[in-house]
Structure formats: C-alpha cells, structure tokens
Amino acid sequence: MLSKLIKHDFRALSRVLLPTQLAILAAAILATAGFAVNLRGSSSGLPGEGFAGLIRMIASVLSAVMLIAVIAASILIAFIIFQRFYKNLMSDEGYLTFTLPVTTAELLWSKLITAVLWTAISSVVLIICVNIFILFGTGRGFVNLDAYRALFRFFGEAGRLIGARLLLPVAELLLFALVATLFGILHVYLALIIGGVVAHKRKLLAGIGFYFAINIGVSVLSTAVQAFTANGLVNELVNMLNELTRRGWSERTTLGVYNYVVNAVQPYFWSQLAFQTAVGAGFFLLSRYLLRSKLNLE
Amino acid sequence: MNGPAFECRGLTKYFARNPALLDINITLPAGKIIGLLGPNGSGKTTLIKLACGLLTPTEGRIRVCGHEPGIESKALVSYLPERTYLPEWMTAIDCLRYFRDFYADFDYARAVSMLQSLQVPADAVMKTLSKGTKEKVQLVLVMSRRARLYLLDEPIGGVDPAAREYILETILKNYSEDSTVLISTHLIADVEKVLDEFIFLQNGQLVSYASTDSLREDLGKSIDQYFREVFRC
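Chains A and B supply the protein sequences, listed in that same order.
All residue numbers for the first sequence refer to the numbering used here, where the first residue is 1 and numbers rise by one.
All residue numbers for the second sequence refer to the numbering used here, where the first residue is 1001 and numbers rise by one.
Isolated chain A, as found in the complex:
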C-alpha cells in the first residue's frame, strides 16, 4: 500500500510543483539573459543613455525581478508541500485519507518520502539554474567555461594531493543534507499534527505556534549537545592554526591540515547527525501516536 500512497501523493504534488519548477527554470533563463545583456553592454562600452541605456535598464530590472521570482518560488515549494500535508490529513480530505485501509505509519512515510523527493528535485533545478547563470550570464562570450575549468583544476589538484579521502566530507555533507531535510519536514509535520489534534479552532495557526514551541525545545537540546562536542572542536582548530603559523605552510602541511580538520570535525559531525536522527525519529513516533490514538476530525 505504501507504493500506492506514494504514487498518489507524488501525483498530487506534481500537479502543482512541476509547473512551478518549469517556471523557476524559465525565470532563471530570463534573469541570466537580462544579466548577460547588461554585462555585455557594459563591457562593450554601450552608452548608459538613450535606447541602449533603456535596453540595459530593462535587462537589469528583468534580471532582478526574475532572481526574486526564483527565490520566491523555491520558498513556495516548501509551502505547497506542507499545505498538501495539512489539507490531505487535517481538512475534509482527511475523511478520505484516514478511512483508507493503510497504517498511520504508511501515511506518514508516504508524505515524508514524497516531500524529500520533491525537495531533491527542487535542489537539482536550483543547481541547474545556477549553472545556467554561470555558463551564459557571466562571460564575455556566449558561453563561459572559465569557472568550470577553475573548479576542475581545483578538484584535480586536491584529488592528486588528498586522494580518495577527498570524498569523505562530500559524502558526509550529502548524508547530513538528507538527515537535516528529513528532520525539518518531520518538525513541520509534527507541529501541524499537534495543532490539528489539540486545537478545536484555528488549527493551522495553532500548528504554526507549536512549530516555534518545538523549535525552542530542540534548540535548547541541540545547544546542550554542542556544548560537549563543539568546544573541543574549536580548541583543536585554534591549536592547529597556532602550530601552522609557527611552522609555515607547505604542500605536505596541506594534506596534514586537511586530515587534521576532517578528523577533528568527525565527533561534532556524528554527534549532530545522531542528535537529528534521534529527535527526527521521536517526531515521527509522536506524529504516528497522535494520528493513531488522538485523531479527532471534527
């Protein structure tokens, strides 16, 4: 049943989010075109007055407006995901959702997986937008490959010096991004559920209130966890910098510094990852309990 729920949830979100993503891409292309026209006009000595000036002004306004549109649409995507969750479970649609022969856990997993999938798709679209901007908006010619050449050169040299261990922070960052996304989504879901279950009126408003209340609780806990790990990390990094200043820099020290920093960050990274995983699992279990045992669709 989970796959069927995911299929329908994904379809329901795609109906709104697919056009939104296409609009983001179109806005990014327009922003890039506007920026490119302005940049090239400026570098080729076109006057800032008269017709050419008007074109440049329109191009720069278009570029700014489209950039704002890309940012606004990215925020809108999160709003749409959470609105779908609320509407499908806590409004009249809940009468259909909660009478399906599926478990509460399946309902939550479905909503979580589709939200993560769409967050990933949105991230890929944003990366594509940034690349469109770099490729076509920033150079003197039509296509600018300088930034990519520099990036490849940097990673080539770093790879030669550091080896396969270069991939460790990349893998860790990806893992952290996934866990942080899951954590963030579950945080909002739990707040909306508590608002829906506890409040008799203005459930959505109550949900927003509970979001901030949970946020305060999590921040206090997170600070307590960081107090154990972050202080040690800062001390170690300060010691390392003092040592480097004393000894001077070489290619050998680059590898040493890299290994030192990566090793020093490990306890901090894993403790934060474990913290977010544990609290996220708590959010999930509490959400499931409330929907299963305290649901009151009035």
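These aren't lab readings, by the way, just hints derived from the structure by calculation.
In silico lysine-lysine, DSS-like type, Cα no more than 30 Å apart, as pairs:
#, chain 1, residue 1, chain 2, residue 2
1, A, Lys203, B, Lys1131
2, A, Lys87, B, Lys1127
3, A, Lys87, A, Lys294
Owing to the predicted nature of the structure, the values given are computational and were not obtained by experimental measurement.
Start from chain A and add chain B according to the hints.
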C-alpha cells in the same frame, strides 16, 4: 455469518466538556439495513465517525466486523461522510482509480456504469461540479465496494428526488446476507421503506433500537410517525 457487523459497549464521546455520546451499548447484526435516526446534535455523525476511526472514544469500546477501528476494519467498511471529501482537482474517473488502487473490494466496472446512470460527467474536475453531483460521485464510490458494513451519513440529503430513488435502489441491490447498511438521515419518510431496523438517538443517548416490522405490528405506526411523536418540539 461472522458475528455482529457493529458493536459498542459503554461508548462515550465528549468534545471538550460537551457530551456527544453517552454510554451507548448496541450490537448490530449482519445482513440488515438499519436507520440511524435522531434530531440534529443527537450524536448520529459522531457514532459513525467513531466507527470509522476518525474520532477517538473518550470511554468505552467499539468493534467493527470484529475489529477495533484500524486497518482491518477500514478494509471492510465503506463510509460515506456528510461532507464532500474528494480533492477538488480530481476528476470522477481519477476518484474511481483511486478507490480501485486502495480497496480490493471495489468494483470498477460497476462504478463506471453507476456514474453513467446518474449522468455524472466522468472527466469533469470536482471543482466544477455542483454539491449534489459531488455527493453522487461519493455515493458511487462507496456503493461500488463489496463491503461488510456501509456507513452512510446523510446519503440522500443533498440530491434531487429522482436521484434519491436511484440511490435507495442501489442500496437495496447491495443488500446481502453478509453486509449491513447503517443509514443516518433526516429524510425518514424517504428511507423508511428500505429499513429493516432503526435506532433513535437523542442528546447522545440511545432512545430505542427496534425492527420496523415490530413497530408496525405492535404500535401500528410508521417510523416517521413514531419519530414525530418521540421528538416533538
């Protein structure tokens, strides 16, 4: 026969401090069409929603086809709420496919035929349909299942008299030894002819539960007449 279709013991439900149901004890057999009757605010919808698992009892227990409300009971219960619950962006055919995906007992061909009989445009988006047509779509979905227990909350309240006839016929066609139909309605005169039994609720309490035949034989009254006497304002 697999025991009662619906059973509750000491079932009580409060909304904040207001009692909606008080100590209800009732056992409904399989193979009957039963009217759930009572004035506004008597607890009819609350009882049905408790059976569907949409509300949690304050006290007491409830069993549907031998199960507490949950995944097993939901596979056996076909529920028609008193409100429109279908997503506005779906078409009627989308809704049929949705039900086919989730309910093993859903008869897709029968649902398509019922949509045609009720002259519901299959490709029209819910948002564009009238309230009455949306209710027809919901009824088609609910009655196209081969469920053990049908819980119908005001199934004919929002439709025209011609459609009422069709709906009541549909309910009768689904009647079998294994399935029970519980109909909550204000339109007693319209449904009376199809009812085997009736339940009267008032202020969250059970006033009476009897068979329509015994009412006619013992008191010589129709349910409509009896209702007007019991709930006279």
